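Asks: Listed here are the chains, written in short residue letters.
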Amino acid sequence: MNPLVPPAIPIIEARGLTRHYGDLVAVDRIDFIVARGEVFGFLGPNGAGKSTTVRMLTGYIPATAGTITVAGYNLLSHPGAARRHLGVVPEEANVYADLTVRQNIMLMAELHGVSKEERTQRGKELVEMFGLAERLKQKGRQLSKGLRQRLMLCMALVSDPDMLFLDEPTSGLDVASSRLIREVITRMNQTQGMTVFLTTHNIEEADELCHRVAIINKGRIAAIDTPRALRATLQSRRSVEVRFAQGALPPESMLNFGMGTETVKFAQGFRIFGAAPGLIAQELANRATAQGLHIEHLSTLEPSLEEVFIHITSRGVAQTAEEIHV
Amino acid sequence: MSDKKYLSPETFLWQARAALVVAKKNVMIYYLKPPVITFGVIFPLFFYLAFAAGHAGPVEAMVPGITSMALFFTASAVGPLVTPWERQAKTYERLVTSPASLSAILAGDVLAGAPFGIVLSLLPLAIGLSFTEVHVVSVLQLVLGLAFGALAFSALGVLLSSPASDTPSQVMMLSNLVRLPVIFVSGVFIPFAQMPAWGRWLAPLSPLSYSADLIRTGFGEANYFPAGIDVAALIGFTVVFLWVAHLLHRRTRDRGL
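Residue numbers (this note's numbering), protein chains in the order written: chain S, 1 to 326; chain A, 1001 to 1257.
Honestly, the hints are just simulated from the structure, not real lab data. Incorrect hints may have been included.
[Claimed, not checked] Derived coverage of chain S by chain A (criterion: at least 3 residues anywhere in the stretch with Cβ under 8 Å from a Cβ of chain A; other residues may be distant):
1. 34 to 42
2. 54 to 62
3. 104 to 112
[Claimed, not checked] In silico EDC-like cross-links for lysine to aspartate or glutamate, where the CA-CA straight-line distance does not exceed 20 Å:
4. S:Lys145 to S:Asp174
5. A:Lys1024 to S:Asp174
6. A:Lys1033 to S:Asp98
[What the hints assert, rightly or not] Take a look, some chain A residues computed to stay more than 12 Å from chain S by CB distance:
7. Leu1123
8. Val1134
9. Val1137
10. Pro1191
11. Ala1193
Remember, it's a predicted structure, so these values are computed and weren't measured experimentally. Each residue gets a CB set at the ideal place from its N, CA and C atoms; glycine is no exception.
Could you put the whole structure together from the sequences, leaning on the hints where they help?
Replies: Now the structure itself:
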C-alpha cells in the first residue's frame, strides 16, 4: 500500500509544502494526505518543522510554496471557508483569562457562526464531558493548567469541526487530565468520525491513538505509515527478554547468537536483539536446559514506536525514507 | 470548486458578523485594562488641564477642544493594546486560526475602540453643557465629528498595534510618540488661524484636525474646512489606516512572528 494514498476521502491534502524563514528551510516540500475519520499523528524532534507545518495547515502562517486543501477548499484562496471545518488547539495557546469558562466557549462558537441554540446545547454537552460544568462562571485565570487545557478542547470542539488539530494536547498535564483528553479524542473519533491531527512528543500516546503516523525530520517527511507497519520496518530491533531464576548469570557463550544479534544486560536480566526472536527464544530455552539453568521469564518483544522514532530521526532523511518506502 | 479569490456577499456578511464578535470580545476584555485607562483617560485629562491652567481664555472655549482631545485619546487607546496583549497572553494564534479573516479581526478592533471614544468624550461634553455657557448649534456636525473621528482614531490605534511586539507597554509608548505631536497641529490648543505657516501646512495631515473642526462647528464656531471635506477626510483616514494596518499585520504574520 502506498501510505500517501489512504483508502478514504481526504480531508487534508498537503502538496509540496515548503516554508522558509530567511535562509532557513523549516519545511521542505512535504506531501501527505489525512483521510476523513483518521487519527493522524505528526511526530518529530524539536526543530524538525512540526509546529511550522501545523501553523501552515491551520492558516496561521502562509506556505512559501506548495498547496494545502482542507475539506476541499484551498486554504490560500478560501481561508475562511477552510477554517470553518477546523477546530484548533495550538501548542502555546491559552484561554482568555478575563473571560469565564462559558464566555470563552461561546466566543469560539460565535466566531465559527454556530447558532445560539446549537452553541448553548453543544457547550453544555462539552462542559459536562470535560468536567467543567461546575466552573462555568470561573474566569480563565482561575483555572489550573489541566482545566485550561480541557477548556481549550471545549473551545475547539464547540463548532463540531470535521477536523481537530491538537498540538501537544497532554504536554505537562497530570495523569487524570491526560487520560480524559485521550479518552475524549478516541470517543470523538469513533462515535462522530471526527478526524484528528495530533502532534505530540509522547510516542506512546501516538502509538495508542493514531491510525497513521508521519515522522518529520529536518523539514522532510522521513516516514509515514501505521504504527504497526513502522515498527515492522525495524526488524533488527525485535528482541527476546530473558530473566533467570535467582538472578543467575549464564556463561557468556550461552547468550551469543552470532551475526546480526546483540545482547544487552539490564537490571534484572538480558535482552537479545535480532530479526528472528522466536528462534532465539527456542534456542535459549534449549541452552538453559542443557546448562541446568531455570528461566523465570522469557518473552519476545516487538520494537516500540519510540525505537522506530529514534532510529529514524537519528539517521539521514534520504536513507530512512528509502528504507521505509521501498 | 473554483479557487478564484473573491468576496461574495455571503462571505462579506459572515466576516462582518465575525468582526462584531471580535469587537464584543474586545469590549469585554480590554475596556478596563490599566493601560487603556491610563493612556486613554487619565493622561489626556491632566494633559489638557495643564494646558488650560495657563490659558487665559473663557472656559466655554475649552469645551470643544477638550471634547476633541478626549475623543482622540480614548478612541485610539484600545487598538494599540489588543494585538500585543493577545500575543502576550497567547490567545492571538487561536483567534487568527478561527474563520474570522484578518480584515474582520482588525475591523473588530476598530469597532471596539470607537464606542469607547464616543462614550468617554461625552463626559467632558456633558460637563461643559451643564456647567458652562456653551451651546450645541449643529447636532449633526457634532455627531459627525464624534462618529467619524472615533472611527478614524480607532483605526489609527489599530495601525499602531502593527509592530510584531508582545509587550503592550512598548506599543503604548510608540502610540504616544505618534499621538502627541498630532495634537499640536490639529487646532485643538491653537486655532488654525493663529498657527504658524508650517502648522497650517501640517494640519491637513492630521485626522484630528477634521474631527476637531466638525466638533467646533457643532458648537457654533467658524469652520476651517467645509463639513463635507471633514467627513470625507475622516473616512479616507479610516480606510488608509486600516489598509496599512492590514498590510503590516499580514507582513508580520507572513514572517511567522
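Asks: When the structure is checked against the list of hints, which entries are broken? Sort them ascending.
Replies: 1 and 5
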